[in-house]
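Work out the full structure, taking the sequences as your base and the hints as a guide.
Under our numbering, the first residue of the sequence shown is numbered 84, with each subsequent residue one higher.
Everything hinted at is true.
Per label pair, the in silico range of CB-to-CB distance: (1) 208 / 174: 30 to 38 Å; (2) 157 / 196: 48 to 56 Å; (3) 171 / 193: 33 to 41 Å; (4) 133 / 199: 50 to 58 Å; (5) 158 / 185: 38 to 46 Å.
Once the Cα atoms are required to be at most 25 Å apart in a straight line, the calculated SDA-like pairs of lysine to any residue come out as: (6) 196 / 185; (7) 196 / 213; (8) 196 / 216; (9) 161 / 175; (10) 173 / 159; (11) 173 / 186; (12) 173 / 183; (13) 184 / 204; (14) 184 / 216; (15) 102 / 139; (16) 161 / 136; (17) 118 / 106; (18) 118 / 134; (19) 102 / 138; (20) 184 / 199; (21) 208 / 198; (22) 196 / 207; (23) 173 / 187; (24) 118 / 141; (25) 184 / 210.
Calculated from the structure, these hints are not laboratory results.
Glycine residues also receive a C-beta, built at the ideal position from the N, C-alpha and C atoms.
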Amino acid sequence: MAVIDAEVSVRQYTDSEFKVEWYSGTGAGGQHRNKHQNSCRMTHIETGIVSTAQCRSRLNSQEQARNALIEQLTNLDKSRHRIATSADRKEQVGSGMRGDKIRTYRFQDDIVKDHNSGKSSSVAKVLRGNFDLMW
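What follows is the structure, encoded as structure tokens:
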């Protein structure tokens, strides 16, 4: 069983982990929009996740694309953490089905059935402390 931290730590990303491409923006803006390559397309190299931003300045476009990409990567990390935690909990708890039970007490029929050994005995005898009847 793996021990999983309660909180996902926020990872610090370096510029070398991203690929930055510049392109001309689309939409209204006329000559300025067509002439300058201020729109940023940023790709996280390891995962291939892409984020784009179209602002009037390169600095704003790059910052906006980077923030959006980091948010997506953080959500991905949280999702992976949630899945791992869920799987770990499910492994510990079990399904709650009959196969997970150790013993069934049926008072109306005065029967105790041990699911590991397959033996049965009287409820009254077992409740008096005669658990050795079950092994």
